Amino acid sequence: FSSDSLPVHVYQQPGPHDILLTVESTTGCVDTQLQRVVVFPAPDVDFVTEPDVCLGEAAHLHNMSSIRSDIANDFIDSWQWDFGDGNTAGSDPAPVHLYATGDTFAVTLTVISDKGCRDSLVRPQIVYETPDPVLQHDTVCFSDQALLNVVPVGLGTVEWYESISETQPFHAGFNFLTAPVVSGYTYYVEVISPQNCRSRRLPIEASLHREGSGFILPSDTVLEMPTAIVSFELGGSIDGDRYLWDFGDGTTSVAEAPAHEYQYPGKYKVEVQVVDVNGCEYEMEKVIEVKKIVHVHIPSAFSPNGDGYNDEFYVQVYKIQQFNIRIFNRQGKLMFESNDPDFRWNGSYPNGQTAQEGVYVYQMKAVDFDGLLLEQQGTITVFR
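Using this note's numbering, the first residue of the sequence shown is number 1, and each one after it goes up by one.
It is worth saying that the hints were derived from the structure and are not from the lab. The model shown is predicted, which means the values in this text are computed figures rather than measured ones. Among the hints, a few may not be true.
Unchecked claim - Once the Cα atoms are required to be at most 27 Å apart in a straight line, the calculated BS3-like pairs of lysine-lysine come out as:
| id | residue 1 | residue 2 |
| --- | --- | --- |
| 1 | K319 | K292 |
| 2 | K286 | K269 |
| 3 | K365 | K291 |
| 4 | K319 | K291 |
| 5 | K286 | K267 |
| 6 | K319 | K365 |
Claimed, not checked - What follows is a set of in silico ranges between Cβ atoms, one per label pair, in the way DEER data are often shown:
| id | residue 1 | residue 2 | range |
| --- | --- | --- | --- |
| 7 | T227 | H137 | 52 to 62 Å |
| 8 | T139 | E271 | 25 to 35 Å |
| 9 | D70 | L155 | 50 to 60 Å |
| 10 | L202 | G86 | 25 to 35 Å |
| 11 | L121 | S207 | 49 to 59 Å |
| 12 | D70 | D31 | 32 to 42 Å |
By construction, the Cβ of each residue, glycine as well, lies at the ideal position given by its N, Cα and C atoms.
Sequences are here, hints too, so could you generate the full structure?
Shown next as structure tokens:
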């Protein structure tokens, strides 16, 4: 009911409605008019979005809109979709849409009937995006195991694959300890979110540090006592950081380029363990020989005849500290004695008398640098 001359009324129910207008003049005269109007039904718009849509998968929108058709044979004439990402679609009751990013999008459906009546509804469409994880590659020394780690952004599990096209994972977990690495190897990982959405399949690498090579460079490989001193250094391409030398005689050194003195003769296997700046270990070895060479060479004859050749008797000594030689005739008389290893005897008696041609006896005693006594006895033949 309204007493306005130009009323506005909103009908709550569709269908035919009779409007009765009663007009009364100022003098009390009354007139009436009956007019029927038909209120067309508005569409009942309804739809549902698809749950658990992953980025890269299409979202199927399920339209459930309807309209009453018992009044004037009304029907839905068109559907207008706004997907909330700047894209729209029309005249499609159940569209499929592929989102380019992950987010929550406000999807709007507007339904229009054949009489031009319309209604709209907004519902959220969630598109889950699984971000790329943080990959922790590993670089190791030859034959060491690599520990590869995957850190998802958010919750999720990790699957490991042997190749980019492999269909079955060989491992699941946030980390993987490889077999001993003898050459670089690439694995592939995917992160699966709680909504079962997958990240891109990404490569993760187990690499080798650049391998160096080295060898021992001694100042000499054959040494003579008593000063059997040798210095060592390394050749090659190893960027060394720590060293442990074993000289083979029970002594060691941690110097980069040590020197060592051997006390006894023999063959010694020198070994060095090197740890480079990356923590990689190398081992090398070299054999050093230490000799003790001591000798006294005594000739068996000489000819003091003044021809300038072999006129004097002398000995050759090597590495001798003390020396004594005595020469006797056959009767045991001392003819010559000297403590000088560089002596010369011309075949005469102490009084200057010339010794006769014949055989004479010598006795030699010497002490080497180790204090060991050397004794030798023999004969000398004098030729005239």
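Hints that the structure is at odds with (numbers, increasing): As far as the earlier hints go, not one is violated by this structure.
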